[in-house]
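Protein sequence lines, in the order shown, are assigned to chains F and V. Count the first sequence with my numbering and you get residues 1450 to 1803, in order. Count the second sequence with my numbering and you get residues 1450 to 1803, in order.
It is worth saying that the hints were derived from the structure and are not from the lab. Be aware that one or more of the hints could be misleading.
To be verified - Simulated restraints on C-beta separations:
no., chain 1, residue 1, chain 2, residue 2, range
1, F, R1759, V, D1736, 49 to 59 Å
2, F, L1760, V, E1748, 44 to 54 Å
3, V, I1750, F, N1758, 33 to 43 Å
Said to hold, decoys possible - Here are some chain V residues pointing at chain F (derived, C-beta under 7 Å):
no., residue
4, M1500
5, E1502
6, Y1567
7, E1649
8, I1706
9, I1709
10, R1712
11, T1723
12, G1727
13, D1731
14, V1740
15, H1742
16, D1793
17, K1794
18, Y1796
19, V1800
To be verified - Beyond 12 Å from chain F on every Cβ pair, some chain V residues (computed):
no., residue
20, G1484
21, E1584
22, P1585
23, G1587
24, R1605
25, D1612
26, K1674
27, S1695
28, A1729
29, L1770
30, R1786
The model shown is predicted, which means the values in this text are computed figures rather than measured ones. Backbone N, C-alpha and C fix where the C-beta goes; we use that ideal spot for every residue, glycine too.
There are 2 protein chains.
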Amino acid sequence: MVTVGRSLLAFVLLSVSMISFAEETHTLRLAQTWGPNSPILGETVQHMADMAEAMSDGRLQIRIDPSNKHKAPFGIFDLVRNGQYDMGHTASYYYKGTIPNAMYFTTVPFGMIAPEQYAWFYHGGGMELMQRVYEPYGLLSFPGGNTGNQMGGWFRNEINSLDDLKGLKMRTPGFAGEVMAELGVAVTNIPPGELYSSLERGTIDAVEWVGPALDFQMGFHQIAKYYYSGWQEPGAEVQFLINQKSWNDLPKDLQEILRIAMRTAAYDMYIQSTHASGVAWDRMKEDYPDVTHKVFPPEVIDALRKTTNRLLAEAAEKDPLAKEIIESQRDYLQQVRQWTNISDKAYLESVAED
Amino acid sequence: MVTVGRSLLAFVLLSVSMISFAEETHTLRLAQTWGPNSPILGETVQHMADMAEAMSDGRLQIRIDPSNKHKAPFGIFDLVRNGQYDMGHTASYYYKGTIPNAMYFTTVPFGMIAPEQYAWFYHGGGMELMQRVYEPYGLLSFPGGNTGNQMGGWFRNEINSLDDLKGLKMRTPGFAGEVMAELGVAVTNIPPGELYSSLERGTIDAVEWVGPALDFQMGFHQIAKYYYSGWQEPGAEVQFLINQKSWNDLPKDLQEILRIAMRTAAYDMYIQSTHASGVAWDRMKEDYPDVTHKVFPPEVIDALRKTTNRLLAEAAEKDPLAKEIIESQRDYLQQVRQWTNISDKAYLESVAED
Chain F
1450 MVTVGRSLLA
1460 FVLLSVSMIS
1470 FAEETHTLRL
1480 AQTWGPNSPI
1490 LGETVQHMAD
1500 MAEAMSDGRL
1510 QIRIDPSNKH
1520 KAPFGIFDLV
1530 RNGQYDMGHT
1540 ASYYYKGTIP
1550 NAMYFTTVPF
1560 GMIAPEQYAW
1570 FYHGGGMELM
1580 QRVYEPYGLL
1590 SFPGGNTGNQ
1600 MGGWFRNEIN
1610 SLDDLKGLKM
1620 RTPGFAGEVM
1630 AELGVAVTNI
1640 PPGELYSSLE
1650 RGTIDAVEWV
1660 GPALDFQMGF
1670 HQIAKYYYSG
1680 WQEPGAEVQF
1690 LINQKSWNDL
1700 PKDLQEILRI
1710 AMRTAAYDMY
1720 IQSTHASGVA
1730 WDRMKEDYPD
1740 VTHKVFPPEV
1750 IDALRKTTNR
1760 LLAEAAEKDP
1770 LAKEIIESQR
1780 DYLQQVRQWT
1790 NISDKAYLES
1800 VAED
Chain V
1450 MVTVGRSLLA
1460 FVLLSVSMIS
1470 FAEETHTLRL
1480 AQTWGPNSPI
1490 LGETVQHMAD
1500 MAEAMSDGRL
1510 QIRIDPSNKH
1520 KAPFGIFDLV
1530 RNGQYDMGHT
1540 ASYYYKGTIP
1550 NAMYFTTVPF
1560 GMIAPEQYAW
1570 FYHGGGMELM
1580 QRVYEPYGLL
1590 SFPGGNTGNQ
1600 MGGWFRNEIN
1610 SLDDLKGLKM
1620 RTPGFAGEVM
1630 AELGVAVTNI
1640 PPGELYSSLE
1650 RGTIDAVEWV
1660 GPALDFQMGF
1670 HQIAKYYYSG
1680 WQEPGAEVQF
1690 LINQKSWNDL
1700 PKDLQEILRI
1710 AMRTAAYDMY
1720 IQSTHASGVA
1730 WDRMKEDYPD
1740 VTHKVFPPEV
1750 IDALRKTTNR
1760 LLAEAAEKDP
1770 LAKEIIESQR
1780 DYLQQVRQWT
1790 NISDKAYLES
1800 VAED
């Protein structure tokens, strides 16, 4: 019996260690740019965490801190880089101050729309280029969800020529703001909470936010009646960041569960944005029938494009990796857009009833 | 020692059963419509199986049989329904002979493009309607990958009016073929392997296949020089079918792994199709510079649309569930298309350089 007892004991210890290995829970802490109860963006993070937990039978837990918790909505890059958090959900172009090349992985003016850009990421070398930008910081970066094509903004008055842009007071951040400034727009940076009253009081003449889904709650359509199609963010892709060490600590199956949960959540956000924008735009027009859709005239589009290309060429000249990214995106766009033009564009034009 | 030995033994048995439960392998047999080494479509099935296996650490295995194995490329519905296979990868509209309402879950002429249709499936009630159609057969159905917007076909001569369609000998199957026939087209059904020579010999004047990615290997561009944009399959979504009993036999975590693997594979196929069509169209134009892109003139589009609407109205009158599906798709399209028009369509038109 003693011998049997001993071998049983050895087997029990082995079994217990196997069970505890199989059932070990891994908890990742995630910091997001967005506040609590953030529609679409915050929902995407929660959706990703829910999928990861369900697929791993609870072995992979993601604990999410919104911005009111960590107080650094635009500092996610640092929080994940220095290991205070394992993961982040944010947008690459917020970090162009620290890493200028991070800018290209969200969206670029006159660039690709969402499906074209996913094709570039997954089949056109985009993921590899993004990884070369983030690797030196000990980070992995993955697509984190697409807003769809962003609108050019809400304008109190029509824009019929380049002259109408001169001196126009507009809230439009980032690279698009730089381009607008070159055309004479007085670009201002007003906190989100004051945008509605600034537009109402005439402190600004125009404001660019996202698209119907997220613009609706801001209420700009109640004041500014001209809603312009965009040129500046044709497919803004937010981002999951992961600390390389936290990633390495996960067993292979949980790495794969996490990778697929992020990939699906990103696609799902694109589809949710499509849905929510359809619903919101329909409601805006119903509640405020004088809201009018507009497109910028060709001379404005041409000037915006020329300025964009000049700024990109300057960036490419300063940095070989920037050059490589810009050229990869430009060449890929040139190829894939020919296809988009004979498929979705031609179809949408053929069937348009107006 | 005896007492200890017994409790140890009980614990060992418990442990062993827990381990074997945790590590039990589930193997699902899948029949696909496509042959072996099928590009994009077959790759999507393999991609799904690979993700499921990696995420489950090998506990979920999918064994794939191509059509040369099961000999029933258009009988997947029955193979899965009667339990010969646990799963299938096929297209819902192949089964309209058995279930007329299956037709609407692939694509509909003048219907939604891929992102709009995914939004309808996941946010507009599409999944619920699809389940109501498949539930009576003990089946679950999930989106299985999108081809993107399909082209209207390769034509030896230009189509400038409705008259040019009269007597035209064309290969175009399914619902689109019925619509074309109403407009006087002599619709023929020729096996895929004979299409190239039929087009070459003039047995047919035109052929509709898929889009550049899959048309390339067929070689139609070497003969017919006019490549028309489509109207008939604006976003063809293929399908994963699962036998309800096979699904119920899976533990909850593997169900979730399978569900997400299918969802991701479907999105990934849409993106792979986008990429592959861009590459193939570029190469077709380079190798055969006289290949010309065309759109059908408005009078042809109008006639095709009126005929489509009439056939849909007839189907709706015959069956209350058909009516519900057709109205759900029509209402959803009406809403979401407004958004597509002011975002991607307006953008693509604004930035087009031609």
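Results for each hint:
1. F/R1759 to V/D1736: 49 to 59 Å: For F/R1759 and V/D1736 the Cβ distance comes to about 35 Å; the hint is violated.
2. F/L1760 to V/E1748: 44 to 54 Å: Holds, at about 46 Å.
3. V/I1750 to F/N1758: 33 to 43 Å: holds (36 Å)
4. M1500: holds (6 Å)
5. E1502: violated (9 Å)
6. Y1567: Given a least distance of 5 Å, the restraint on V/Y1567 holds.
7. E1649: Nearest chain F Cβ about 24 Å off; hint violated.
8. I1706: holds (5 Å)
9. I1709: holds (6 Å)
10. R1712: This hint holds: V/R1712 lies near chain F, its Cβ roughly 6 Å from the closest one there, short of 7 Å.
11. T1723: Hint on V/T1723: holds, closest Cβ of chain F at ~5 Å, below 7 Å.
12. G1727: holds (4 Å)
13. D1731: Given a least distance of 5 Å, the restraint on V/D1731 holds.
14. V1740: Constraint on V/V1740 not satisfied, violated at 11 Å.
15. H1742: Holds, about 5 Å.
16. D1793: Check passed: Cβ of V/D1793 comes within 5 Å of chain F, closer than 7 Å.
17. K1794: holds (4 Å)
18. Y1796: Holds. Min distance 5 Å.
19. V1800: Check passed: Cβ of V/V1800 comes within 6 Å of chain F, closer than 7 Å.
20. G1484: holds (23 Å)
21. E1584: V/E1584 clear of chain F: closest Cβ-Cβ about 23 Å, beyond 12 Å.
22. P1585: Given a closest Cβ separation of 28 Å, the condition holds.
23. G1587: Since the minimum Cβ distance to chain F is about 24 Å, V/G1587 lies beyond 12 Å and the statement holds.
24. R1605: Answer for V/R1605: holds, closest chain F Cβ roughly 19 Å.
25. D1612: Its Cβ never comes within 12 Å of chain F, the nearest being 19 Å, so this holds.
26. K1674: holds (14 Å)
27. S1695: The claim stands: V/S1695 keeps its Cβ more than 12 Å from every Cβ of chain F (closest is about 19 Å).
28. A1729: violated (8 Å)
29. L1770: Since the minimum Cβ distance to chain F is about 23 Å, V/L1770 lies beyond 12 Å and the statement holds.
30. R1786: violated (8 Å)
Taken one by one, the earlier hints fail for this structure at numbers 1, 5, 7, 14, 28 and 30, listed in ascending order.
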